[in-house]
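Now that you have both chains on their own, put them together as the hints suggest.
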Amino acid sequence: MGLIHEIDFGTKAATAENLVSLTIDGEIVQVPEGTSVMRAAMMMGTQIPKLCATDMLDSFGSCRLCLVEIEGRAGTPASCTTPVAQGMVVHTQNERLGKLRRGVMELYISDHPLDCLTCSANGDCELQDMAGAVGLRDVRYGYDGENHLGQTKDVSNPYFQFDASKCIVCSRCVRACEEVQGTFALTIAGRGFDAKVSPGMEEKFFDSECVSCGACVQACPTATLMETSVVEIGQPEHSKVTTCAYCGVGCSFKAEMRGEQVVRMVPFKDGKANHGHSCVKGRFAWGYATHQDRITKPMIRAAITDPWREVSWDEAIAYTASEFKRIQAKYGQSAVGGITSSRCTNEETYLVQKLIRAGFGNNNVDTCARVCHSPTGYGLSAAFGTSAGTQDFDSVEQADVMLLIGANPTDGHPVFASRMKKRLREGAKLIVIDPRRIDMVRTPHVHAALHLPTRPGTNVAILTALAHVIVTENLVDSDFVRARCDGDSFGQWQDYVSQSQNSPEAMADVTGVAPDLVREAARLYANGGNGAIYYGLGITEHSQGTTAVLALANLAMATGNLGRVGVGVNPLRGQNNVQGSCDMGSFPHELPGYRHVSMTDVRESFERAWGVSIEPEPGLRIPNMLDAAIDGTFKGLYIQGEDIAQSDPDIKHITAGLSAMECVVVQDLFLNETAQFAHVFLPGSTFLEKNGTFTNAERRIQRVRKVMSPKNGYEDWEITQLLSNALGYTMAYQHPSEIMDEIAHLTPSFAGVSYDLLEREGSVQWPCNETAPHGTPVMHMEHFVRGEGRFFVTEYVATDEKVGPRFPLLLTTGRILSQYNVGAQTRRTENTAWHQEDLLEIHPFDAEQRGVIDGVWVKVASRAGETSLRAKVTERVAPGVVYTTFHHPMTMANIVTTDYSDWATNCPEYKVTAVQISLSNGPTDAQIAYATLGRNTRQIEIAAE
Amino acid sequence: MSHEQQDQKLVYMANQIATFFASRPEDEAVAEITNHLRKFWEPRMRAKIIDFTAHGGAGLMPRAEAAVKMLSKS
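In order, the protein sequences belong to chains A and B.
Read in order, the letters of the first sequence correspond to residues 1 to 945 in my numbering.
Read in order, the letters of the second sequence correspond to residues 1 to 74 in my numbering.
Keep in mind that the hints are not guaranteed to be accurate.
Stated by the list, open to error - Under 7 Å between C-beta atoms, here's a sample of chain B residues computed to sit facing chain A:
{"#": "1", "residue": "Gln16"}
{"#": "2", "residue": "Ile17"}
{"#": "3", "residue": "Thr19"}
{"#": "4", "residue": "Lys39"}
{"#": "5", "residue": "Phe40"}
{"#": "6", "residue": "Glu42"}
{"#": "7", "residue": "Pro43"}
Because the hints were derived from the structure by calculation, they are not lab data.
Quick reminder that beta carbons are idealized off the backbone N, C-alpha and C, glycines included.
Only chain B is shown next, with the shape it has when bound in the complex (with noise of 0.2 Å):
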């Protein structure tokens, strides 16, 4: 698995969860979602992500982009 792979399985893993707070509003979702990738992921897949979506996040829905950014601020 290349790490482009890699990148791709983890906004496929992060766009599944913001789907699961779809029928949420938008500030309680991507706080969820958020909360959700700091409680369960590992700091190094989140650095990935943050990495990802530093540079363009292609691929991640509106709402796991901007809960990948607040995990990078936070």
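For reference, chain A alone in the conformation it holds in the complex (with noise of 0.2 Å):
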């Protein structure tokens, strides 16, 4: 086991067909029409001496040590930016280029600090590999010329810091800043001698534009940028690719260690869902694995005003194995349940439900994609026929209009957000439809075509006015409705939409969106090209969440901007295995491969399987449980993986539900706000410590890689293996891979998976069967799973949860780049750099009217409760309309949000609740109270050694 090395090709690969037959240094070659010279011979395993090229950015031809002769020209071009041509002949080595290369070597060393022994970058630098590779052996000018020695660092940034003494200005790091990442926040200041790398205006790095995504670090050849943890640690000495576990986009990583030591997560090029390129939760926010607030062994109490007793795992999962018993002795089979994880792996979740269904003997299993993306599930199915995205994110690239909607990929999935930028350098269209003006709206070399500030609320009202145009002005694409739809629907649909009450000017009045915008973006959208709808949870934590998925399925349908690459509607996923975790049969009603648990013939196959009989009725939904505990009925909950007591709305709901159960069972890292209310801690273990897989939100089935031993003493399908055997139900698995050849077994969309094949292939994207055996990039090609595309009427229905005198404003709430979700990891990070508290956005407008000046404390009061935090006035907000995230406990963002939800999935109306706002001294009684009781529910005592 050593590293893994990618090599580095130099340029990018070219997509042409026609092949190109040239010689290199002797052999016969033949590449792809548009390959650079330094490309071909390296493919032919001739690595010419480079230093500013890298197969991750466009040529540049700066740094001329990749000089090569080719017969019948002029000079010495550099190989980099030379494309190859039928019959060149090419020489990548003679006694002229040697010494071209080490008189620009020469050049670069005099003015480097040689101190390789004790330089950071020592065994991973390209400089000293050059000198190596040019037979540099003396450097004539000497060191005591005017140099560039001796600056300050920069450690500004936590996570990796910039020594210009080191600097060769090869511009790699501000190229990737521009291509690979889109932000523009470095350039090279000066000219001549004076040319340095400067973050923005000649800023710090930690004061610039910088999103520390990783990608400058990454493509710096020396030491110049560099992770603080190689400069702590030393450099690695193996690595393992590996998934990242924060968002949805699911980058691939090679996790670089010594030992069982992380020393740095590097983006892995071949990573289908990333190619290489990351973000800083993914690249840098990985220490909370380590942390000391992680709780490695078990515990358990009484009741939950006791402080917790360390126990061994033999003794926890005993206890929890003869409460549950207890439980479901005394008040019936149906008054447990669990909630399965998605940020677990699918292994793990589908043996919490396979726990719950076969064990418990319910179906009382949920997610926490209730909370997020369960309208996805039930839209896209009804609409389409399966509950998840049509495309691979690779389809962006023949996008020509992108329809942004209700979600924020700069900040919730900014891997894919860099390639949505590039295709809009390119030249892509982009309709943001959004309350606030995110980032995608307008930032350096970002600018929407149209941005729809919408109110609140107002999705199905804006896209059924979408919908209007697009059929009163003919746009539909009648030729693929009648060749992939069903007829009678689409009438239905047709019908309605066309109605004058859905026209643009009639809605104006209910979005708040200029009708003239309104017309501009249905046009670009049906005649732009390959129309690409891109949406998040801002479509569906509504009370109409799933109405408005059905209505961007429409209008896909309706523009056939369906079935074919650089279209699609694709939902972008939160948390990392959100997919997989609806994959694997996490929701009450279906079984793994989203099929519903009254299909006898299904449910047969798994009880042949599993030796039990399933119950044929739908279980309990995360809410319905909180409301069967305060009823009586429901009384005992496993739950791995999620905080519903931080992430759920309506906190007092959720923590009365909680309190109102006997046995609450946390498996988790930390003790999470939901363990306040728990009986008994399992402690989890982290991806970095689990083998399985993750499912991004392009259906990506990806490994999980285990880099080091769980320092809880499992895994986590380890532990709930543990805890179904105490329950008298058997499990006997030695790997997760026989957990995935049992889903592969028993669902027919991942009948091909297998850990073999995620060997060969590095990913794969279900549908993977027999018929698809190397997955399925793009869906509903041919027809649509469901046969025929179904088209819904979606009525607009205003929320219940209205304005008035009291409650003004609309609050609605989000995320940011730096934290993650309840921000259990993030916060335990030095990610907390960027945002150490949640913040409410209020525009300058209400601020006035209400006296909120900058930073002041207010109190945000809905009809669900009041809590206080800091102000930050600005124009992202529209008037009316306030903002917050939810990443910290004590923020206690939903304990103002309501219990308000989605009519089909009971998915929370997160996004609008209506709220006043005035000054505050500071937190409120009820924060004060709720720190307090955190104290004092999480007191533990030591077990004697």
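Written out as structure tokens, the structure is:
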């Protein structure tokens, strides 16, 4: 086991199908037309010396180290910028070239500190390698001339440092920031000898526009930009490819290690979701895995007012099993249930739902997708026949118009946002529909063609208005609709949306959007070429969440924007394995593969495999479990990797439900907010400590590989297995691959998936079976999974959460780049440097009316509750709208959100809460009391050693 | 949350479902609402709304009420 070394071909791959033959150093090689000479040489194994070239970036041709001779051409052209030509004869090495390269290197080294032995890049420095490659033995100029040595290091960023003394001004970092990340935070300031890399206007990295994605650090060929962890630990000695455990993009990383210590996480170029890019969370924010707050020993307590007592795993598991058995004996079989985690692996999620269906003997299983993308599952299944997005991420490269609604990808899905921004720079058009002026509306080199600033809660109105324009202006793709869709449903939909009350003009009072903008957006989406819809929780987390998903499906079908590359309906999933947890049968009405529990043949196949009978009735969803707990009929809950007391709406209701239960079991890394109401704490393992798979937002199944021993002693699937065995339902898996084999055996869309396949292919997108042995990047190519695409009438129904004199503003919630969900992980990393507390964004007009200035404490009051936090006065939100995040538990953002929910799925309406804002002196009494409760309920009696 | 509040919550949820299907013909809508309740509501929830409807069903939209009655027969 050593380090995984990816080949750097120097320049990007050409995509042409035509092959060109040329001779390099006497060998004939065939490469695609458009390939650079440098890449062609590397493809046959010859590495031409280089410094400014790397295959993540466009050719630049500045370092002059990659010079070659080409017969019949004058001079010594740079191989990185010279494309191959038929019959070309290239010489990569001779005396002349060697002399030229040594001359170049001599100049570089004459202005470079000679501290290789103590340099953090020692052993991983391209400058050092190239000095060796060109045979540099002497620097004739000496080292006493004017130079750039001895400059102050910029250590402002917590994750990497910038040492300008070591910079060779190759511009790789600047180009990476532009081409890969698309932030344009770096530039070369000055000219000639004064030229230097500069974040922003010669600011420190931390103070600049830098988003700490790490692309510049990765691109740097020297120790100029270097991970702080490498400076502190040293170079890694082995690595494994694994999958990030943050958002639904699912970036592949090389976990580079020394022993069991992570040295750094480096984005994997062959990762098909991220193609070698990363964000600040996946690249750097993994320190939580070894944070002192981690609980590594099981704990139990009889009452939530008692201190925790550390116990052995045997005692914890036996106690948990006895409690669930007691509760079921006393209150009935359906008095217990469980929640699977979208942060855990497919195998772990599958096992939890199996434990509940087979071990508990009921279907009371749900997952955190309930509160995010459950409307996606319902809506896309109803319209197309599959509860998943239609495209792969690469599809965006052929999108001409992107319709982005209810998503903020630069913060929530930053690596995919970089792909979107790249496509925009190539000329694609963007329509943003969002109450906030998110970064995709306008930032350097990003400019949305149209921004429709809707009022929160009016998605269905605006989408139906778009449909009205498409139908009444004859923009429907009739051929597609006739060939691919259900004619009756189309007819009903067409009749409905063409009614005058659905026109942009009629809807303007509701949406707050100028009708002309709506008409322009509809025309652009329908006529602009490949139209691709990307959406997020701003669509789903509404009382009409499912209706909005259906409305998006309607738009895509009506305009023929489905069934090929570059188009589609694409949910941007929040957590790393939301797609997978849904696929694995985490919903109470569905077995793995989205098949209803009432389907006898499906149920029987599981019954045969599991050796038990399965309830044919749907179980309770998360909010229903809490209602039933308050009602006295639900008494025990097993929660793996989910913090409902922070993430779910109307916290008072959540905590009342949890408090009414007799046995709450929390399996997690930390004593989270839900654990305050738990009787058993089973310490969980991080993604670095386990084997398994995650499935990202594009249905891509990717391996998670264990790089260190679980600090708690067990991988999470092993804990579930221990519990199941203690309950009397035997599980005997030796490795997660066996669980995947069982999933594949029982789930048609996963029939071809195995760990062997994943080793061979790297990753695969379901459906993967006999029909699609290598997976399915784009769905519904020939026909919809359900046969014909079905249109649904989507009548706008205003939420019952209305503004009025008492609560005149609308609160909407979201997340930011540096923090993730409830913050349990990112709050325990240096990411807090960017976001130490949740803030309330308020428009200057609303702020002035209330005497609110930037940074003061304000009280947010709704019909459900009130909390206090600091204000940020900004025009990013429209007048009448306020916004906050929910990354910090003390904010208690969800004490003000209501329990209104989606009509079809009970997905909470986080995005619309009527509130009033007033000045405050600080935290509310409830917040202070909650802090006290948190301290009291987290007391631990340490077991004697 | 009292039993009455829980009943009202179920009524609210059933009415939300009925509202979505408001544009459909009566028979079709009632069948869709019934199907939704059967597919997604846990038996305890269905039993409560059936019982509530049997005792008058105050506040239920006509189509939601018809769906619950259809549900109780199946």
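Results for each hint:
Interface restraint check: glutamine 16 of chain B against chain A, minimum CB-CB distance 4 Å, threshold 7 Å, status holds. For isoleucine 17 of chain B, the interface hint holds, since its Cβ comes within 7 Å of a Cβ in chain A; the closest pair sits about 6 Å apart. The restraint placing threonine 19 of chain B at the interface with chain A holds, with a minimum CB-CB distance near 6 Å, inside the 7 Å limit. Below 7 Å, beta-carbon pairs count as interface contacts, and lysine 39 of chain B has one with chain A at about 6 Å; its hint therefore holds.
Checking phenylalanine 40 of chain B against chain A: minimum C-beta separation of about 6 Å stays under 7 Å; hint holds. This hint holds: glutamate 42 of chain B has a C-beta 5 Å from the nearest C-beta of chain A, less than the 7 Å allowed. The interface hint given for proline 43 of chain B is met, as the beta carbon of that residue sits about 5 Å from the closest beta carbon of chain A, less than 7 Å.
In terms of the numbered hints stated before, the structure departs from none.
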